[in-house]
Structure formats: C-alpha cells, structure tokens
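**Q** Assemble the whole structure, with the sequences as input and the hints as a guide.
Residue 33 in UniProt numbering sits at position 33 of the sequence shown; the count goes up by one each step and never skips.
It should be emphasised that the hints constitute simulated quantities derived from the structure, not laboratory data. Possibly wrong hints are sitting among the right ones.
To be verified - Below 20 Å or equal to it, Euclidean Cα-Cα: the simulated SDA-like pairs (lysine to any residue) are:
| # | residue 1 | residue 2 |
| --- | --- | --- |
| 1 | K185 | G146 |
| 2 | K256 | D183 |
| 3 | K559 | D512 |
| 4 | K164 | E206 |
| 5 | K256 | Y225 |
| 6 | K516 | V473 |
| 7 | K158 | R205 |
| 8 | K87 | T100 |
| 9 | K164 | R205 |
| 10 | K295 | V36 |
| 11 | K158 | W177 |
| 12 | K324 | F313 |
| 13 | K443 | I422 |
| 14 | K426 | Q449 |
To be verified - Label-pair distances were calculated between CB atoms; the ranges are:
| # | residue 1 | residue 2 | range |
| --- | --- | --- | --- |
| 15 | V308 | K553 | 56 to 62 Å |
| 16 | T286 | R71 | 37 to 43 Å |
| 17 | S323 | T580 | 46 to 52 Å |
| 18 | R71 | S37 | 44 to 50 Å |
| 19 | S442 | R567 | 30 to 36 Å |
All C-beta atoms, glycine included, are put in the ideal place defined by N, C-alpha and C.
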Amino acid sequence: MKPEERRRFVPFGYKLMLSYALCILVPVIIVGSFAVSTLVKSVREQAESSVQGTMRQIRDNIQYKIEDMRRLTDMLYGDTTLAKHLKHYDEGWVSYEATTGYLLPKMMQTIQSSSLRLWLSVYLHNETLREVYYNHDNIDPLMTVGKLYELYHMKRIKDADWYKSFAPERYGTTMQWRQIEDDAKFSRLSLLRRIVDTTNGVELREIGFIRVSAHLQDLFESVDYTKVGEGSAIYIVGPQGDILYSSAADPNMTGKTWNESWTRNHLVLRQPLEGLDWSVVSLVPTAIMEKDADKVRMLTAIVCLISVLVIFFVGWMFSRFFSKRVTKIVSVLHAFREGEFRKRMAYEGRDEFAQIAAALNDMGQHTEGLIREVYLTNLQKKEAELESLQAQINPHFLYNTLSSISRLARFGDIDKLHRMVIGLAKFYRLTLNDGRTFIPLSKELEQVQAYVDIQSIKYGDRMEVLFDIQPEVNRYDTVKLIVQPFIENALQHAWCGDHIHIRISGEIIGGDIHLKIIDDGNGIPQDRFRKLFDPLDEVESGYGIRNVDQRIKLHFGKKYGVSLASRPGIGTAVLLRIPTYKHKKNRE
Numbered sequence: 001m002k003p004e005e006r007r008r009f010v011p012f013g014y015k016l017m018l019s020y021a022l023c024i025l026v027p028v029i030i031v032g033s034f035a036v037s038t039l040v041k042s043v044r045e046q047a048e049s050s051v052q053g054t055m056r057q058i059r060d061n062i063q064y065k066i067e068d069m070r071r072l073t074d075m076l077y078g079d080t081t082l083a084k085h086l087k088h089y090d091e092g093w094v095s096y097e098a099t100t101g102y103l104l105p106k107m108m109q110t111i112q113s114s115s116l117r118l119w120l121s122v123y124l125h126n127e128t129l130r131e132v133y134y135n136h137d138n139i140d141p142l143m144t145v146g147k148l149y150e151l152y153h154m155k156r157i158k159d160a161d162w163y164k165s166f167a168p169e170r171y172g173t174t175m176q177w178r179q180i181e182d183d184a185k186f187s188r189l190s191l192l193r194r195i196v197d198t199t200n201g202v203e204l205r206e207i208g209f210i211r212v213s214a215h216l217q218d219l220f221e222s223v224d225y226t227k228v229g230e231g232s233a234i235y236i237v238g239p240q241g242d243i244l245y246s247s248a249a250d251p252n253m254t255g256k257t258w259n260e261s262w263t264r265n266h267l268v269l270r271q272p273l274e275g276l277d278w279s280v281v282s283l284v285p286t287a288i289m290e291k292d293a294d295k296v297r298m299l300t301a302i303v304c305l306i307s308v309l310v311i312f313f314v315g316w317m318f319s320r321f322f323s324k325r326v327t328k329i330v331s332v333l334h335a336f337r338e339g340e341f342r343k344r345m346a347y348e349g350r351d352e353f354a355q356i357a358a359a360l361n362d363m364g365q366h367t368e369g370l371i372r373e374v375y376l377t378n379l380q381k382k383e384a385e386l387e388s389l390q391a392q393i394n395p396h397f398l399y400n401t402l403s404s405i406s407r408l409a410r411f412g413d414i415d416k417l418h419r420m421v422i423g424l425a426k427f428y429r430l431t432l433n434d435g436r437t438f439i440p441l442s443k444e445l446e447q448v449q450a451y452v453d454i455q456s457i458k459y460g461d462r463m464e465v466l467f468d469i470q471p472e473v474n475r476y477d478t479v480k481l482i483v484q485p486f487i488e489n490a491l492q493h494a495w496c497g498d499h500i501h502i503r504i505s506g507e508i509i510g511g512d513i514h515l516k517i518i519d520d521g522n523g524i525p526q527d528r529f530r531k532l533f534d535p536l537d538e539v540e541s542g543y544g545i546r547n548v549d550q551r552i553k554l555h556f557g558k559k560y561g562v563s564l565a566s567r568p569g570i571g572t573a574v575l576l577r578i579p580t581y582k583h584k585k586n587r588e
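**A** Here it is, written out as structure tokens:
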C-alpha cells in the first residue's frame, strides 16, 4: 500500500465501532432529549394550568365585587321614585320630608345591601334638597366609619375635570371606574355614574350623579401572590399599562408602568376583567416551574452515559471479532490482485463470512480460466468477424474491378484503364490504413470517393453521387470501412431503372456525428427489411449492415450504430451515428 493510501486508510474495525457508536448515541440523545422536553412541557403545562385556575378564581372574586358595586348603582339609577324627588323643586317641609323620608333611607338601604365597606355620594342638581355629609378633612372615612352615605349639591363637582370629561349618556351603560380627588392618596377606587330623567324618551336629562368608592384592598382582597408560588407576582394592570394594584415581594410596584422586561425568564398569564379595561396579570418564574425537570435532566444524563459506556464496550468486542474475519478476506483479495489465484482460505461457520470465503475460493479457481475463455475468446471472435468481413468484401470487389480493367485493356481504353488502376490503388491504400482500425473521417470519405471513381468508370452517367459534408466533421476519426459498404449495397441492389442518385451527407447534431447515405433506388421490401439485423440472416447485404453496426457499437457504445429507413419504390436512407472522437495515434 502506498504511503498516501496508508494515510487515507481507515480499518474496518474502526468504521464498525463508529457505526455502533452512532447507532447508540443518536437514539440515546433523541430519546433523552424527547424525555426531557416532554417532562418540561408536562411540568410547564401542569403549573400553567394550576396558575390559570388560581387566576380564574381571583378574577371571579374581583368580578363579583365589581358587579356588586355596579348593582348598587343600578338600585339608584333605575329608581323612578328617587328620580321624581330629584327633579321636583319643592321648598321647606316638602324637601325636608323627601330627604329624610326617602333619599337618606334609600341610600342607607343601598350600602347596607353590600358586604363591602362603601362610601356612597349622590350629587344633586335640585338645591332645594339639603346636603347631608360628614366633615372628614385628611381622613379616610372608610377607615373610621366603615360605611357611609352623603348628599351634595352639584356645584361641588361641576368644575372638576373628571366631571367635564365624563362620557355622554347611553341609557344603562355609561359609567366609569377611576380614581378622583383623594382616591389615590387613600388607595380607593370610585365608580361614577349619572342619574337621569327617563320620562322624556328623546333626551336623557341629568338630574344627579353617583359616586361609589371602595378600598382597593377590599376589591382586590383575593389578589395574593403566595397563592401562585414564591417569587411570583400578581398585578392589576390598567389600559395604559399602569399598575393599579400589586401583590409581590416588592410592595412598591403599585403606580408604576408595566415593563415587558419583567417577563424575562417568567411565565406570563393574563385574565381580563369583564366590563373593564383591566387585566389580572401574574408572573411566575420559570426556574420554579422547571426545578423538577433539572433532576430528570441529571438522571437522564447519568443513564445515557452508562448506556453509552456499556454499548461502547460491547461494540468494541464485536468489532474486534468481525475485524479479524474481514482482515482474512482482505488478505486473499490482495493476493488475487497480485495474480496469486491459487491462494485459499479456510473458514468455519455457517454465516455470511463463510459464504464469502467459499465464493472467493471458487473465484480464485475459475478467474484465470474465465479470462482466457471469455475475454480472449471474445476478442478473437470479434477480430475473426472483422477479418471475415474484409475477406468477404475485398475479394468480391477486387474481382469485379480486375475484370473491368481486363475489358478496358482489351478494348484499348487507356485513359479509363489508367483512372481505374489509380483509383484501385488509392482505395486499397486507404482501406489497409497501415493496419490501423481507426481512420480520419476525411480519409474514410476519400476512400468512398475512390470507390465511387472506380464505379463511375463502370456505370458512367447512370450513377450520380453527391457529397454534402460539413467541414467540422473532417476533424474527427472513426472506425474504417463504415460508409463504403452501403454505397456498394446501393449499387448492387438498389437500381430502379437506368439511373441512380446517391447523396452522402455529414453533420454534427447534439455533439454526435450523423452520416447519411440516401439513394432513390427501389427500396427494401418489408419482409427483407425486418431481417436485416437478424444475426441468423446470411444474406450478404444484411451481414455487411450488421457488421458495420456491430463494429460501431463495439468501439463506441450501444447508443451509436446504424439505423435504416426504406420505402419500396422510393429509396433507402441509412443513418450512421458515431461520436465526435479523436484517436490519439491518428493525431501524432
């Protein structure tokens, strides 16, 4: 083995070991990765489902309290008796009776129907009704009183920005949740709503205004991050991303603006609050959710490592066992390559290696004989066939030509005699070609021209041969004696009347050379045409066609050769397809 080959040589045992390693490592990696990813996904889904359930409970609890406050405003909004008192401007005892006899009891009944600590304020356009309120400057009355209700005149709020920007009334739906006045200071949230006169169906006239306030702590009492998990956080987020309320390890998050960077390495779950532009948002650290997955990753890695070590050891043992057997086979093959076909190997067993050994022993015994019997015999057969072709064509042609020369000498036609002798000499010089099989196409066509010149002396004006050869064709080589046999066949068998026209063309199509011999003779009968390529056909013309086709295929391949087309009474067209080939000896 050459040094370069030694460097590239990789023993079979190494390859077998590598295949074992790949067959084990790939499944182990795939199965391990799939197991880990499946478990992580399962843990994440379970944790997410659990947190989602907790979030839904928190949302439902908040939603219930919000609906409770909305229900209280509905009790006042839809009370026609209340609306009647608010729009009638009566002085003195009547207004006092309306206030103490209906308005205040109605307000007390309303806030008492809720379990929340509420501060109900009703603002009146009707200033004949007196104000009822408590003095609570810089004090949160919800912390001191618990539940309270108050009556104010509208002039106290008519210049407030929040009142001026209040949305136009749509019956039963126009209301706002917001923090006004000192709500933010005392962590309260207010529900704002109009009281309207519905007696005029065209215009809903405002006759009062409702404000119901509650502590954020009371509304969001169920928001507790410990329900989700340590390190988590739950926020009530407004429509602009402002955090209205928070439950987290950091107590100072309320009032800040939501930042997407907080979601890094966290699972984010949202639950919208119906009827509001708020959402309950929870952040759960992924590290907490995947802490069990880390144990599985470690266990999977240990199992995979042990499996790989065990399989590597088993694979090493197997590779040694098979490598020894393969080495024996390789040594015999090396001997065969050096020509030592007598070398044999003894192999015990009933496996494929034993079958290979037996087959190699048989091959060594028969290879040399097969080379002699098949390869050399076939070459001799081809040479004999070519020699028989020349022996068949040349004596026949030579005999006819010499007979013509004899007649010309007898008649004293010296000029034709001279031309025929010169043509015959040129024809045989090109035919013999110094014993070479390949000949330039220009010489092949010269040989055909020499043959045509000889035959023109015999046939005179009765025969017309036209050459139409592209100049590029003459640059290539071919097997000799492939065109002349078809000219000879035409002159022997294709006569139809006293004249015959033969056209010889050559061109390059698709990288191949196409030589065509076309005559206007009597054509080939159909029954004869079908037998031309039959190897059992012994007719001389068919033998010549088959021989040319066989020689072209033998030297250039099966896609090249002879094809014919013929119509009785019209003529025959022969196509010789050969490659654009240049023989080295012809170009020296």
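**Q** CA of K256 to CA of D183, is that 20 Å or under?
**A** The given pair, whose Cα atoms are some 17 Å apart, holds under the 20 Å limit.
**Q** Next pair to validate is K158 with R205; report whether the Cα-Cα distance is within 20 Å.
**A** 15 Å, holds
**Q** Hey, K559 versus D512, does the alpha-carbon distance stay inside 20 Å?
**A** Since the Cα atoms of K559 and D512 sit roughly 11 Å apart, the hinted pair holds (cutoff 20 Å).
**Q** Given a hint of 37 to 43 Å, does the C-beta separation of T286 and R71 actually sit inside it?
**A** 41 Å, holds
**Q** Between S442 and R567, does the beta-carbon spacing fit 30 to 36 Å?
**A** Since S442 and R567 have Cβ atoms about 32 Å apart, the given range 30 to 36 Å holds.
**Q** Within 46 to 52 Å: is that where the Cβ-Cβ distance between S323 and T580 falls?
**A** 50 Å, holds
**Q** Hinted pair, alpha-carbon criterion (20 Å max): K516, V473. Please report holds or violated.
**A** 13 Å, holds
**Q** When you check the alpha-carbon spacing of K185 and G146, does it fall within 20 Å?
**A** 17 Å, holds
**Q** Are the Cα positions of K324 and F313 separated by 20 Å at most?
**A** Distance ~17 Å between K324 and F313 Cα, so the pair holds.
**Q** With a cut-off of 20 Å on the C-alpha distance, tell me whether K295 and V36 pass.
**A** Roughly 10 Å separates the two Cα atoms, so the pair holds.
**Q** For the pair supplied as a hint, K158 and W177, confirm whether the alpha-carbon distance does not exceed 20 Å.
**A** 18 Å, holds
**Q** Decide if the proposed pair is consistent with the structure: K164 and R205, CA atoms, cutoff 20 Å inclusive.
**A** With Cα atoms ~15 Å apart, K164 and R205 stay inside 20 Å; holds.
In the structure shown, no violation is registered for any of the earlier numbered hints.
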